[in-house]
Amino acid sequence: MKYHKIEVKIKTNHKPSYFIGSMIRGAMGHALKKVTCINPSYQCEGCFAQSSCLYYDFYEKKNSFHKYRFNIELGSNKFDFGLYLFDEACDGLPYVLSALEMTLTQMGLTKYNYKFSDFKVYLNNQSIYENNGFTSFDILPKTFQIDSFCPNIKIRLQTPLRIKKSNKFLRDNVDIEDILRSIYQREQEVFYGKKVFKLNYEPSYVADIKLLKYEELQRQSNRQNKRMNMDGTVGEIAVMGIDEQSYKLLKLGEVLGVGKQTVLGLGKIEVEDLK
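Position 199 (the sequence shown) corresponds to 199 in the UniProt record's numbering; numbering is contiguous.
Please note that a few of the clues may not be correct.
Keeping only pairs whose Cα atoms sit at most 30 Å apart, straight-line, the calculated DSS-like set for lysine-lysine is [to be verified]:
#1 K248 / K198
#2 K61 / K33
#3 K62 / K164
#4 K5 / K15
#5 K115 / K168
#6 K111 / K165
#7 K2 / K164
#8 K168 / K15
#9 K5 / K195
#10 K111 / K260
#11 K260 / K9
#12 K198 / K5
#13 K11 / K164
#14 K120 / K33
#15 K195 / K260
#16 K213 / K165
#17 K5 / K251
#18 K168 / K195
#19 K61 / K260
#20 K165 / K248
#21 K165 / K78
#22 K213 / K15
Now the in silico label distances, taken between C-beta atoms and shown as ranges [stated by the list, open to error]:
#23 E7 / G193: 27 to 35 Å
#24 K34 / Q245: 41 to 49 Å
#25 S166 / T135: 33 to 41 Å
#26 S136 / K11: 19 to 27 Å
#27 Q245 / G46: 38 to 46 Å
#28 S117 / K168: 45 to 53 Å
For the record, the hints were derived by calculation from the structure and aren't laboratory data. Glycine included, each C-beta is placed from N, C-alpha and C at the ideal position.
All chains, please: the whole structure from these sequences, using the hints.
Laid out in structure tokens, this is it:
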């Protein structure tokens, strides 16, 4: 699997809200439409270019796993954020970067439309933005590969994890299998176009210790003109004696995200080896 990892570091005295994922995605959406739209009507419904439109794929396409996700930190007091592009979405990199620059320098963020001039952009850990302009970003996508293995790990759920089971969102009763299944489902649909509902193997581990809580979170939906719940599970799970296949799947989850609404920055996990 191939992917790009974009990181944005912004220097400013302005302070953002506790959760910036919805704001960043919304602002980027307006800019991306300006950058990509070739329809004189500026309407997506019935548009002749839907099948090849990056904005439509990212923002209007329904009932599918989107091939990107924003990467944010809760309560950081910074506007810094990241953006992952997966598979063929990597081909839209120039449009994404152009929209990103437009968002920060022309359109602005928050209801106050804060604009920024002092920021850095990194692509796959290489600096690509200097002196108010992009340098060459002829950088190949990264290829996901895990060459190491550790059977004892700690999984950190860094932003609310929203996983449904039996038509209900799980609270503090999230199991390792739930996380693994979610990652596998996302991997199969994003990269292979397959819908799956269960793992293709039986995970194994000796023990797990959970320190989880249910975090209440809301965002404002300008499109629906109402507050939307973004509640989910955060915390840590220590796992002992996990099998290698599950370890690699969890490491993939660090890139893909886990659960619902990962495009907004939810479902961010980190896997730490316990030596």
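Checked hints:
no.	hint	result
1	K248 / K198	holds, 17 Å
2	K61 / K33	holds, 14 Å
3	K62 / K164	holds, 18 Å
4	K5 / K15	holds, 24 Å
5	K115 / K168	violated, 40 Å
6	K111 / K165	violated, 36 Å
7	K2 / K164	holds, 28 Å
8	K168 / K15	violated, 35 Å
9	K5 / K195	holds, 25 Å
10	K111 / K260	holds, 26 Å
11	K260 / K9	holds, 26 Å
12	K198 / K5	holds, 28 Å
13	K11 / K164	violated, 38 Å
14	K120 / K33	holds, 23 Å
15	K195 / K260	holds, 15 Å
16	K213 / K165	holds, 17 Å
17	K5 / K251	holds, 15 Å
18	K168 / K195	holds, 20 Å
19	K61 / K260	holds, 15 Å
20	K165 / K248	holds, 23 Å
21	K165 / K78	violated, 34 Å
22	K213 / K15	holds, 26 Å
23	E7 / G193: 27 to 35 Å	holds, 28 Å
24	K34 / Q245: 41 to 49 Å	holds, 44 Å
25	S166 / T135: 33 to 41 Å	violated, 51 Å
26	S136 / K11: 19 to 27 Å	holds, 23 Å
27	Q245 / G46: 38 to 46 Å	holds, 45 Å
28	S117 / K168: 45 to 53 Å	holds, 46 Å
Violated hints, listed in ascending order, are 5, 6, 8, 13, 21, 25; each of the other numbered hints is respected by the structure.
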